[in-house]
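Protein chains: 2
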Amino acid sequence: MTKSGGRDGTERLVVIGGDAAGMSAASQARRLRKPGELEIVAFERGHFTSYSACGIPYWVGGEVSGPDELIARTPEEHRERGIDLRLRTEVTGIDVAGQRVRARAVDTGAESWTPYDRLVIATGARPVRPDLPGVDAPGVHGVQTLDDGQALLDTLARTDGRRAVVVGAGYIGVEMAEALIHRGYEVTVVNRGSEPMATLDPDMGRLVRRAMEGLGITMVSDAEVTELPTGDDGRVRAVRTKDAEYPADLVILGIGVRPETSLARSAGLPVGAHGGLLTDLAMRVRGHRNIWAGGDCVEVLNLVSGQEQYVPLGTHANKHGQVIGTNAGGGYATFPGVVGTAVSKVCDLEIARTGLREKDADRVGLRYEAVTIESTSRAGYYPGASPMTVKMLAERGTGRLLGVQIVGREGAGKRVDIAAVALTARLTVEQMTALDLGYAPPFSPVWDPVLVAARKATAKVRQGQPG
Amino acid sequence: MTKSGGRDGTERLVVIGGDAAGMSAASQARRLRKPGELEIVAFERGHFTSYSACGIPYWVGGEVSGPDELIARTPEEHRERGIDLRLRTEVTGIDVAGQRVRARAVDTGAESWTPYDRLVIATGARPVRPDLPGVDAPGVHGVQTLDDGQALLDTLARTDGRRAVVVGAGYIGVEMAEALIHRGYEVTVVNRGSEPMATLDPDMGRLVRRAMEGLGITMVSDAEVTELPTGDDGRVRAVRTKDAEYPADLVILGIGVRPETSLARSAGLPVGAHGGLLTDLAMRVRGHRNIWAGGDCVEVLNLVSGQEQYVPLGTHANKHGQVIGTNAGGGYATFPGVVGTAVSKVCDLEIARTGLREKDADRVGLRYEAVTIESTSRAGYYPGASPMTVKMLAERGTGRLLGVQIVGREGAGKRVDIAAVALTARLTVEQMTALDLGYAPPFSPVWDPVLVAARKATAKVRQGQPG
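Protein chains in written order, with our numbering: chain Y, 1 to 467; chain V, 1001 to 1467.
Excised from the complex, chain Y in its bound form (with noise of 0.2 angstroms):
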């Protein structure tokens, strides 16, 4: 029963988005069904496919050559393998009763429609670019895509600026301050909060701030830009926010992004609180048998609060194009959710966070101690231990892991890897301290630091109980 019209009864699954999300799903459902079973048409608007947005700050800062190394696989690798992976072809219309979508080329502008069985819905995020008088003035960039990439890069050739302006501290803008001052800019951060990486608590936000300082990197903080001043060649000059201005020669807008589900939404697909396609665990969008979506358009469970919770990382887009191309190729996979796990860095500091932080559980209700350790990434005597912040909530009561917050030097960021399991597997901080980590002098102190704080955070829950 195939509506798609394919040769001789083979089903169609038609792919939006030649990403992450969108290619690993065609890429898996090939492994499962072969040509003759399965076609697979996958539309992108771009000129690349599954490529890392995560690398371009390493690309801009120069420790990473071209942007062809961070291409995981290429348009002509994908049609090796039986995808017919159209380019610069855009889908402006979903029609989701009759099972086709529209397709524009973005260079002749000619438009035809293509009927499906199966449709995945891998449309990605669009960067935030804030409604400010200037902000489309040359000088100012993003850096979402390959291209964003490419268009900073030629900038940055072209011109012999000296100061560059970050607006968002978040960790796309704290990664290019970094990359920014590896190139010689006097680079000012201009944050609409209190400290940077809101990801995690003010309190561990402060040792990411002291850290940036420690580089020379200007931090501005409470502050809201409100115009991108712009000089009488059109070029943007400077950053103004209520308070102040600030010379630019560069602006790079790091506010973060937004699901792209406006084809979506006119398709009459349901989105979430946060603007992201909403999915069930097998990532068909609901109420949908034969639609999915995944990547940086939906809104995924976050197991710790249990609401959903908009995340766009190219982890979880691997992920999800995994589940749905196993369930679009006839397998069976489910994705049950995120606990919120990040990690960045900036020149030696290692950032992670996991699970809630204070106001997450707040805002959903949970009540928790809060503790906060100082330790070392190895044994005290042993060469290269640098030291380690660790901060941890734990339900009041319960006892159960909330979240962890890491702040320290080489060897701190991966150790969030530890929480992200117990929070998954719903363990107490109590359960944790008796966990069997790794030891030895070259990698831990006797106590690791994640379960100095998990005693701590164990002593302060008991406390706090009657008896």
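These are calculated hints, taken from the structure and not from any lab test. Worth double-checking, as some hints may not be accurate.
Stated by the list, open to error - Restricting the straight-line Cα-Cα distance to at most 30 angstroms, the calculated cross-link-like pairs of lysine-lysine (DSSO-like) are:
#1 V/K1034 <-> Y/K460
#2 V/K1359 <-> V/K1242
#3 Y/K34 <-> V/K1456
#4 Y/K242 <-> Y/K359
#5 Y/K460 <-> Y/K359
#6 Y/K34 <-> V/K1460
#7 Y/K456 <-> V/K1034
#8 V/K1359 <-> V/K1460
#9 V/K1456 <-> V/K1359
#10 Y/K359 <-> Y/K456
Place chain V on chain Y using the hints.
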């Protein structure tokens, strides 16, 4: 109701053994009970307390400057905290019925009885000294205690030997081989097994052997030592096996340790199949309400195999001490068991394991699927990405994770913690494929190597299933 005859009804806690488990227990009990409530007496036959035996290879190798750095807490510090610590005093008998111990001053030979209300046995381990001709000759060294380390360093300083033979290729043997290479020795490691690091499956141990050979270490496999021939001066001059003789100016015994339980056995306390004391979850010696035991003299429950195991590791000893001290101090804590995690480092090679090896699973009747994958520590395009091999065992049918082994470079070792927590939580490899692990290019490929292994293991488990 005190039997110790303490002043004013004060109870007395006696601790036998002044290293990690014993002194952690004493310190924790002291935190919970003031000197007026609980008298704490600790006997230690050596000169030192609370030191890191795991650090000795680094001291010999020169990465750590002196023994003081390996001492976590000095005798004076313990005494200041109100612990009556008696160094150079060996306990020679336990009278369980009479609730007292007999102690002998090592220097004077004077003996006396000390009554107790609560007793902690933390007698540690003794190195395996094979019953071989020449084993006690000058030039043959163990590396279990600070005294051993000092004796070895004295030998290294005094003699101008060039050839060292290490007997045994467990983690101590491997670490010592590297330390001696750093000191300019020609090093031969004579190993009874087919590959070094018998804590790994041989296919993973092979990777370690190749790395050691790459350092210039000569690896002799499947070799049984029969004699340590001595020269005219009485010093060791070679290591002889059934098939060959290896000239040696210095011999290191890295054959491992056994639980030191002769005292406990004499007192009629229960020991298990591996020679260690048997305890309950509160670390009480089975059948005894007021005697606890922990550290290198006890067996621990392996939560994966369901059987007792002997795992002499400082990290367990510290946890035992913490649990014992809490209980002996009137609180409540348990030690649920281990999953068998261990990490070590040879030059820049990181070696880790947790859970069961193939032969462990075979022995306890678990059927399994095993997979091995190659991946990298960071995104492939990010500088410093290095190869990593991950082997994973999953139970046939259920897919429950049974074990993980990792051999790689920087960033490989502590990834085993992910598996250690997953084993504790009894996750399946399919559940692991959805783990929300930290991802950013400097930390991991978009699929963490542990996830890649979990995916492959999931596929293999599913393959074996009907339907």
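Consistency of the hints with the structure:
1. With a CA separation close to 21 angstroms, the supplied pair V/K1034 and Y/K460 stays within the 30 angstroms bound.
2. Restraint check for V/K1359 and V/K1242: satisfied, since their Cα atoms lie roughly 27 angstroms apart, inside the 30 angstroms limit.
3. Straight-line distance between C-alpha atoms of Y/K34 and V/K1456 comes to about 21 angstroms, which keeps the hinted pair within the 30 angstroms bound.
4. In summary, the hint linking Y/K242 to Y/K359 is supported, as the alpha carbons are separated by about 27 angstroms, within the 30 angstroms threshold.
5. The straight-line distance between the Cα atoms of Y/K460 and Y/K359 is roughly 19 angstroms, inside the 30 angstroms bound, and the hint therefore holds.
6. For the proposed pair Y/K34 and V/K1460, the alpha carbon gap of about 21 angstroms is at most 30 angstroms, so the pair holds.
7. A hinted pair counts as satisfied when its Cα atoms are at most 30 angstroms apart, and Y/K456 with V/K1034 qualifies at roughly 21 angstroms.
8. Using a Cα cut-off of 30 angstroms, the hinted pair V/K1359 and V/K1460 holds, with the two alpha carbons roughly 19 angstroms apart.
9. Note on V/K1456 and V/K1359: the hinted pairing holds, with a Cα-Cα distance of about 21 angstroms set against a maximum of 30 angstroms.
10. Restraint check for Y/K359 and Y/K456: the C-alpha separation of about 21 angstroms stays at or below 30 angstroms, so the hint holds.
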